[in-house]
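The task is simple: from the sequences and hints, build the whole structure.
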Amino acid sequence: MRTLAFLLSLFLYSCATRDEAPSTPAAPPPLPETPTARETVAIAGLMESARGDAAAGRLVQAAGTLERALRIEPRNPRLWHELAKVRLRQGDEAQAANLAARSNSLAGSDSALRAANQAIIEQARTTR
Amino acid sequence: MARRGRILRYFGYAVLAGFAAFLAFAFYLDLRVTGEFEGRRFSLPARIYARPIELHAGTRVPQAEVEAELRALGYAVGEREQPGWFLKDQNSLEISLRPFIFWDGAQPARRLRVTFEPVGVKSVTSEGKDVPLARLEPLPIGGIYPAGNEDRVLVRLGEVPRHLVMELIAVEDRNFFSHAGFDPRALARAAVRSATGRTEGGSTITQQLVKNFFLTPERTIKRKFTELVMAVLLEMHYGKEEILETYLNEIYLGQDRDRAIHGVGLAAQFYFGKEVRHLNVAESALLIAMVKGPAVYDPRRHSTRALDRRNLVLHEAKEQGYLTLEQYSAARAMPLGVAPKPETGTTPYPAFVQLVQRQLRRDYDDKDLRSEGLRIFTALDPRVQNAAEHALATRLAQFDKDRRFGPPGMEGAVVVADPQSGEIQALVSGRDPRYRGFNRAVDAARPVGSLLKPVVYLTALQEPAKYTLVTPIDDGPFVWKSRGAPDWEPQNYDKKFHGMVPLRTALAQSYNAATARLGTDIGVEKVLDNVRRLGIERPLKPFAATLLGAVELSPLEVAQMYQTMASGGFKTPLRAIREVTTQEGRPLARYALRVEQAIATEPAYLITAAMQGVVREGTAQGLKSMLAPETNVAGKTGTTDDQRDAWFAGFTGDRLAVVWVGYDDNRAAKLSGAASALPVWGDLMAALQPEPLALQKPDNIETVLIDPQSGLRADMSCPGALELPFAGGSAPAGRAPCASELGVTVQEVKQKARSWLDRLFGR
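First to last, the sequence lines map onto chains A and B.
Numbering (our numbering) for the first sequence: 6 to 133.
Numbering (our numbering) for the second sequence: 3 to 765.
Do not rely on the hints blindly, as some may be mistaken.
For each label pair, taking beta carbons as the anchor points, the in silico distance ranges come out as [what the hints assert, rightly or not]:
| no. | chain 1 | residue 1 | chain 2 | residue 2 | range |
| --- | --- | --- | --- | --- | --- |
| 1 | B | G731 | A | A120 | 42 to 48 Å |
| 2 | A | G113 | B | A735 | 24 to 30 Å |
| 3 | A | G96 | B | Q711 | 52 to 58 Å |
Calculated directly from the structure, the hints in this document are not laboratory data.
Every residue, glycine too, gets a C-beta built ideally from N, C-alpha and C.
Listed below in structure tokens is the structure:
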């Protein structure tokens, strides 16, 4: 039902703008919703294995797996965040802060994620 | 009497001295044999791999591309006994994957069923179960080879079929297991035969090995003698099996352009697309037939001669009792069975491999790269690379025909990268992508012209209080005076001045006077500082003319600069390599993804919107007919004086590409960036189904409906109104004359529609 409503509103909206204003939208269109639920299964699997590696101290492996996931979903802010955490544990504070900022730039309205990124940035600043 | 005694004594001394010299010589050879045989072993080239295709529901790769990749990997169509084949159906593939050791671990052989829909992969399953993610093995794309471009795949004697060994012994050295390094009977036989006009080497396998391993190919008595002594020494130190194994790995068995095929392991792959342990009696016999002369008996070039010789090998093996009559007859009846293989030489992608090699040389010894059998995993995407090569070659051929300047024709270069990860997916260094010469993509520094303009506007947009996308900029005649230099008076491309124009239009139309005025107002140093932040490392001259692109950069450098803008201000150094492992798969190094926030996200967002304007309404409108409008490409054309250099740099949601077109000898191409580099870019992207460019809007950016005439707030009644982004409260406050006093903004309408729908559907 929600999807139907969403599609219908999209349709109505596109009709509405065409009728009401002869405008060409110049701003980049908003980020599409998280792709498909299926695609996230692949990412979820990689994230889980990266977390497992990180927990076991295999940080290089964890970072590699997260980068693999980022190649598939480069605009997933959670992946950037996870990578920031791994870099922080590796003692690379500068990278951690940059990666957290990258995550923030994609986080949209996810305030919990933003707070977590901010915490990494703060921590990187104090450790440096 | 005394005299005779003295002669005898001297003679004795001479014999002793000779014997001592021989001993010393033998001792020296012994040192060489043990030292070198033990120490040198084989140099194994570093192997370079393309990116693996990741298969998961949603992979945007069409079925035909996966099939093409499997074929390139040497997978057979149709079911086979061993892994390494696939079955195709209308919308699905059944793949029997070979095992492969990735940098992060081994992936065993497995069966995959992949179903497709038009955009890409629909599902991946294995034995009925969903597979979240699977990798195809990566395509080998070349190597870094030892001297003589020797390539080989080492095998153990245990992996080599017994019939191959027996066929070898039957033809090359029938007393191998009984002689001591040389075979007097074979020598005698050879002497007799050569006396009767037929040349035949009486060399044993051991002698052949010594000759290939330690000696030069000249044919002198001294060398023959050395060879013999060394063969005997080798036999004293090492067992028959060790010698045999070394021989099977050493033997030269063919040539693939500049790459020399050594050893039965690689030869089995090269001629039959198989592992050596799966070779049958006839196939093995063909390899043994080639030992005598791989060029003369090349089964791909001289099939009759090769077949005759193969059958001779089979005959000898039967005569000496190594094959039964049944085995012999069956093998003799078989065709050559050689797999067709496009000749690739050391690499089909020399420009990319050269870049890989350069990046590796910073971290590894050249010697190690050429001998340790390292495995190098890169980001090259053969599909993107082929699309780029094709787009460039096709368009250049067309330009040559239209221009009629005569040879040498126009040249070009292309760089394609992932804007988020900075990975280089394709690198084309000229119209003949197989040519291993000047790497234009990396080493050609050419004036960039207007490609630098976005940086001028980016620098302006960093001060939202002073500059927005609608701020009027003066495109009137402009003169820049500096002491000790002639006055600088930039002209526009259309030789006209346009008066006051909105900032976004000045960029979209690439106005020179407006850009020069804007850039000098902000300060040349400030602009150049941004150029450096974006990733240009070479020193730039702090002259006003630099603003208009009087700067020479390589396509790769331009790609770096645009990567930073394309990823929202986060610079990621462009990389070709992902990981390096040892031969056995132990990880040695990862080339990690690194990001650095070089530019704040807001100005990066604004300049991207402005560059989308270049395509929507500016100099790059030509792309509109090549790509769907919702792709929302951001880019910039570049053309230099007299149209010597034509550029286009731009990005979609998933790819960034830079194209340069021009003449090596700097002739005026008389083609603008829009007329030459842009079509190459468009063809390339159109072939790859680009993802639309949809940037995440930063928090303090608002989009406002603007009346293009006045640059003020518009509403629904304003014709041609545009939604434009503004940073932190910099949007104009005033309403355009066309907007009614009571007019509502787009945001308000959207809000209303949403709440109405919410109520309707009871959300």
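Structure-based check of each hint:
1. G731(B) <-> A120(A): 42 to 48 Å: Violated, at about 25 Å.
2. G113(A) <-> A735(B): 24 to 30 Å: At 28 Å between Cβs, range holds.
3. G96(A) <-> Q711(B): 52 to 58 Å: The hinted range 52 to 58 Å holds for G96(A) and Q711(B), with Cβ atoms some 57 Å apart.
Violated hints amount to a single one, hint 1; each of the other numbered hints is respected by the structure.
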